[in-house]
Amino acid sequence: MVTTYIVIIAASLVMLTVCTVNMLNKSLYSSEKAGVLAKANIIAQTVSEVWSTDPEISTEKFALSVQNSLSGTRIRGIVVDNSYRVLYDTSRGSEMSGKVFIRDVLKKSLDGEQAVMINDSEAESKMLSVAVPVTIDGQTVGGVYLASSVDKIDNTISSARTSLIIFSVMIAVIIGMVSFGISTIITAPMAEIREAARKISQGNFKTRVKVSGQNDIAEMGEAINYMAQELELIEDRRRKFVSDVSHELKTPMTGIKLICDTCEDIDDPQMQKEFISDISTEVDRLSRLVEKLLILSRLDEGKITLELADIKPMIEKVVRNLMPVAKKKNIRIYTDCRYESYPPVMVDYDKMFEAFYNIADNAIKYSPEGGHLHVGVDCDTENIIVTFEDNGPGIPAEEREHIFERFYRLDDSRARDTGGTGLGLAIAKEAVAAHGGSITVDSVKEKEGSIFTVELPLRSEEVQL
Amino acid sequence: MKKRQLIMSVCGLAAIILIAAVTIILITRDMGMLRTSCELYFMNESETSIEAEIREIKYSDANRLPENVLIQLMNGPEDKKHKRLISRDTKLLHMINENGKISVDLSSEFLDDNSAKNMQAVYSIVKSLCSINGIISVRVTVRGEGIPTTDGKTVGYLTASDINLSTDVYTSETNMISLYFTKKDSGKLYKTSRMVKVADQQPIEYYIVSGLIKGPSEKEYEAVVNKETELISVDTEEDICFVNLSSSFVEKNSGDKAPLAVYSIVNSLTELSNINRVQFLIDGKKVHKFGDMDIFGIYQRNDEIIG
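Residue numbers (our numbering), protein chains in the order written: chain A, 7 to 471; chain B, 383 to 689.
Hints in this document: simulated from the structure, not taken from any laboratory. Just to be clear, a hint being listed does not mean it is correct.
[As the list claims (entries may be wrong)] Output of the computed footprint for chain A on chain B, the stretches with three or more beta carbons under 8 Å from beta carbons of chain A:
#: 1; segment: 427–435
#: 2; segment: 495–504
#: 3; segment: 535–549
#: 4; segment: 574–583
[To be verified] Straight-line distance between alpha carbons at most 16 Å, and here's what the computed EDC-like set of lysine to aspartate or glutamate pairs gives:
#: 5; chain 1: B; residue 1: Lys-535; chain 2: A; residue 2: Asp-60
#: 6; chain 1: A; residue 1: Lys-158; chain 2: B; residue 2: Asp-567
#: 7; chain 1: B; residue 1: Lys-535; chain 2: A; residue 2: Glu-62
#: 8; chain 1: B; residue 1: Lys-573; chain 2: B; residue 2: Glu-604
#: 9; chain 1: A; residue 1: Lys-212; chain 2: A; residue 2: Glu-241
#: 10; chain 1: A; residue 1: Lys-263; chain 2: A; residue 2: Glu-288
#: 11; chain 1: B; residue 1: Lys-465; chain 2: B; residue 2: Glu-421
#: 12; chain 1: B; residue 1: Lys-609; chain 2: A; residue 2: Asp-157
#: 13; chain 1: B; residue 1: Lys-596; chain 2: A; residue 2: Asp-160
#: 14; chain 1: B; residue 1: Lys-499; chain 2: A; residue 2: Asp-110
[Unchecked claim] Okay, the calculated beta carbon distance ranges per label pair:
#: 15; chain 1: B; residue 1: Asp-471; chain 2: A; residue 2: Gly-104; range: 48 to 58 Å
#: 16; chain 1: A; residue 1: Arg-167; chain 2: B; residue 2: Asp-617; range: 21 to 31 Å
#: 17; chain 1: A; residue 1: Thr-9; chain 2: B; residue 2: Ser-629; range: 37 to 47 Å
#: 18; chain 1: A; residue 1: Gly-104; chain 2: B; residue 2: Asn-496; range: 22 to 32 Å
#: 19; chain 1: A; residue 1: Gly-104; chain 2: B; residue 2: Val-551; range: 17 to 27 Å
#: 20; chain 1: A; residue 1: Ile-172; chain 2: B; residue 2: Gly-597; range: 22 to 32 Å
#: 21; chain 1: A; residue 1: Arg-167; chain 2: B; residue 2: Asn-496; range: 28 to 38 Å
#: 22; chain 1: A; residue 1: Arg-167; chain 2: B; residue 2: Ser-629; range: 13 to 23 Å
Virtual Cβ for every residue (Gly too), placed ideally from N, Cα, C.
Chain B with its partners taken away, still in its complex shape (with noise of 0.2 Å):
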């Protein structure tokens, strides 16, 4: 009965080392373990976009970092509103970075009957390793060939730039405006930036006159053209930009503060390099009163105004 209790004993501290042991082991292990996070692409829930999903990634050596970012795309998103875009059999055959270019290298699996979603998964991984700090393109292959593009051709090496999503912050869309506003009884004007996407053909003076016009994001700043100004056209021709508002703009706009709301838009206007010159067009006529101002002529920049 002794002798029993006694192996009993024995085995039960040996499997109490045992587990202390591989605890210990692993949270060495992970506390050896380097973190970053990354964006990791994955397909949006209606099924028509990649969406970023931010991850925190571990590695242990810098240069195991695309890897880990593969795999964790190749596990699928964690986000249930996401989808995954490569097949859970994908494996990861290569994988070779050269300064920055990294070519990836999968195997058959990847590859699905749908071309527009293999174009996807491509994207995907592109714009995932791309968020890597010091990644600046990527190729991926299937069994060492490329992936065949429409044309026949192959999709080469990308950037993240190259690929253009609705969800980018920054894009060749983007643009930096410079917009004038001012500080409460100031009577200056004050430079600030601001980050506009022009999505559509609109001339980007046209997104400074509307961005004058929806007022400072800033609370120190504050608007001097009404809210309720509507800007029916804005037009350059050689260094002229014509600004074409509606009657609001000499209605709603105060006379007193008339000289700032010109130069707000005069000064923000000629911030861009092809505009020195602003003609005020009001219902598309020049016209001379707004305020104690004569709006008639041409107006340039005035520095002078600037706090």
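Same shape as in the complex, but just chain A (with noise of 0.2 Å):
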């Protein structure tokens, strides 16, 4: 990742020094050679004012008006005739007056054009040599050569490029450290959640990230961590719930099947027929499991069906069905309604009827012969309350917070005398829950009497879709 940044910024680097440069060449040149031309055709207009072919008449007229031109410059001069023939040098100790001075620009000049030639092979230095033609009448008759060094040029540019290289190499280290410890703050991180994600979708959901710092970083790291935390706890649930699952179905299970071998042994139809009305009651037991099982199930999926109801005519329901349980231990069951009716709150009828009549047939399951459950409703500006009061045995503090859980028991053998699944108060819980609401336990007195209140939000938005 590293290696490819430095490549990049490495890359960029070199085109914007050779872009730079050559941006800074083209310029330069253009300016030497704009201003070298414009000097040849100020000369070639003021020549030809004065023109003459004779060279020693040439180099007195021509003198004052090339002179002018090219004071304070390194300029050379050089005004011939179609002939090639010099006929005013401004380089004295080249002695070439009169004599034939042939180039490449010349020649062109000389054909009528405005010609710019860049040499590095005729001297020692690099030359720019412009030549233009000289007009009369519109006839050419000879041509003005301006030859300048361009070395200062190629100096300047030879400055600049080195700087410019310099300055890259420069930048490419400070990116590379730059990059170097960006890695090491966001890249090596990042790895690190990378793997452990990795791990977690391989199953290992004890893998967790180091945190450190507060930046956006550690806040995903920290998501990760509760992300593999919250599977894992699924996890747990789950391995427990199959392995309750597997217990609750093994035992009826394990019933039926001795009572099969024993009924095999027996040949008293009427003791067979007490094996059978055992197996029956067995069966019995396995279907409400499996019932309560899909019950569960369904709430896990989150599907609920809201419609309108009335919650007074459904706890009314409730009692009802529950009225032959309790008249069989002799318990009395009050319902007590604070109000004449209830607004109306949005509910799927049959979790929240399943859930009121698993807390009621608990409440009469655990109640003795002859005891009573007191059934209250009530409201406020926000919530619908509904409170079931036993006088049973009651719940210790510390088991509390437990008795939702699935397949929770607080006296395993009794709760399967009186045929409970551990699942009852576990799909109360999600019911109420997935309403919104909210369902808590307390006790009347010490070691006495449980109190299990349910609120149920007015608001149907609070409803968990």
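Given two chains presented individually in distinct reference frames, assemble the corresponding complex, making use of the accompanying hints.
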């Protein structure tokens, strides 16, 4: 990753250097060419007005205009006629006057063109030479040739190139160091998070990411850790659930198997009838268990069908349905509705009915014979409050947080005797929670009586859809 | 049948003898010929100038050499990059050599409608013939008449140096300069010579200091002025040469070699007859410190440092 960054940045810097140097080169040469060409045209114009092809006369006549244009420069100026004969040369030491001076650019100027050439083979220094025609009445009578050393331009470009290269190397080093730092700060933790996510995806839910600092990466690490923790919890619950279901199914199945084996050895029809009745009881237990599991499964799916319902008739129906069971244990059920009517709430009727039924059924099962169950319905501005108060043995404080767990029983043998599946309160809790409500348990007195309180919000938007 | 075979055998033998005789004559004739290398000038590829083509010219008599050169010139170039300047139909009417001054008279086919091309053809003849030892100047005429120039005059006798080409090595622009370099661990300066062509308006002093910065072309010598030194300007007033260098001169040149660097410049410049003293300027200013030297003052030639 870091290598890729560095390669991209290095390539960009090289391109930047090359482009900058090229632009500078082009700009400086263009400027120099334009300046020298302008001087050549000025000289061509002024010498055309005093034109003479006699070198002795032209030297005098051309000197003023040529020297005026080239004063303060190191540009050499030569004026030739169209036989390439030098009429004037600023370089007196070259003694070119009257001699033939043939150059490529001069030929072009005598053909009427304005020519520019950069030549680094003619002399030791790189030379810019330009030539323009001298015209009189539209006829080319000669040419003006100017030559200027461009070593200084090359020196400037060379200095700029050196500076840019040094600058680029420094930038590359700084970016390399920053990239390395960023890699240490960002990429390494990201790699750790990636590795953790991979392990979690493979089922290793105990994997955790080391979180340090308060940045985005740390937050991501925390999120990964939270996800792993939740997945671990779900996985634990799933295992426990599977184990519990297996156990709950196995107990009646073992009973049935034993009864069947015994039946084979017994010839007495009356005894066989009793055993078959026992098998039927066990099968009923199994059916109840499977039914409850199905309800839980549907709750787990989160699918609820909401409708407007009145809680009071629902509670009354629950009490009516449980009345036969209560009568068997001589338990009296009191229903206490504080108001005549209650505002309707959006609920999944069947699921809430199941929840209330399970709580009330549970209270009857654990209440002593001749006991009572008090069902109250109340309402405040926000909630419908339903309470179930019994005079059973109560629930120890340390057990209260567990009684809504699946297959959790306070007294296992007693619970089985009463036909409990260990799923009733779990179903009640999940159904109430699915409607945005809450369920709590408290004791009436120490070691006596329990009060289950269900609060259902009146606002339908709190319902978990 | 036998008679016919006999006739055929005699004819074959006669043909073989004839071919052998002609070959021997040709070889003998060629063996008697002298050869010399000459520069024949033709139009260059871009038709902007004339360029030399080195050719071996055969001749039996030295007096016939110019004529042979001219014939080869009229025959055209061998190098495909070059183009002929003289029409193939041109004929040499007369050629008179008077102590190295040659007058060439050509037929009227020599003249083209393009006067510039005519002048280039004349210059190619002059440069080509002047490449022969002993030929000093050449005049070209057409049917006895001189070639007219733009000012109404005619082209007279021209020497090789009268025609300045960019490819010429030795011209009136060529100058010999003396440069002082050092030898490894010698601590002394040694004089070298170099030809430079002053093609622009830079003074010869500029070429000298630039040459010192560029370094020696001979392997036995070493440069004493760092290549990264930048020369800003060189001006000579009276007998003092003001050498204006960028600060890289004091920064890039080693302090130990400071005397060699200073005197390589001073001694090289004072080889010129018009310069006796040298003043160093760094970015236009007079400065004191350069290594262990003080270069604030004017320097004069130091012969003691010369090895």
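Hints versus structure:
no.	hint	in the structure
1	427–435	holds (count 5)
2	495–504	holds (count 4)
3	535–549	holds (count 8)
4	574–583	holds (count 6)
5	B/Lys-535 - A/Asp-60	holds (10 Å)
6	A/Lys-158 - B/Asp-567	violated (32 Å)
7	B/Lys-535 - A/Glu-62	holds (15 Å)
8	B/Lys-573 - B/Glu-604	holds (12 Å)
9	A/Lys-212 - A/Glu-241	holds (11 Å)
10	A/Lys-263 - A/Glu-288	holds (10 Å)
11	B/Lys-465 - B/Glu-421	holds (15 Å)
12	B/Lys-609 - A/Asp-157	holds (13 Å)
13	B/Lys-596 - A/Asp-160	holds (14 Å)
14	B/Lys-499 - A/Asp-110	holds (14 Å)
15	B/Asp-471 - A/Gly-104: 48 to 58 Å	violated (33 Å)
16	A/Arg-167 - B/Asp-617: 21 to 31 Å	holds (29 Å)
17	A/Thr-9 - B/Ser-629: 37 to 47 Å	holds (40 Å)
18	A/Gly-104 - B/Asn-496: 22 to 32 Å	holds (23 Å)
19	A/Gly-104 - B/Val-551: 17 to 27 Å	holds (22 Å)
20	A/Ile-172 - B/Gly-597: 22 to 32 Å	holds (24 Å)
21	A/Arg-167 - B/Asn-496: 28 to 38 Å	violated (46 Å)
22	A/Arg-167 - B/Ser-629: 13 to 23 Å	holds (19 Å)
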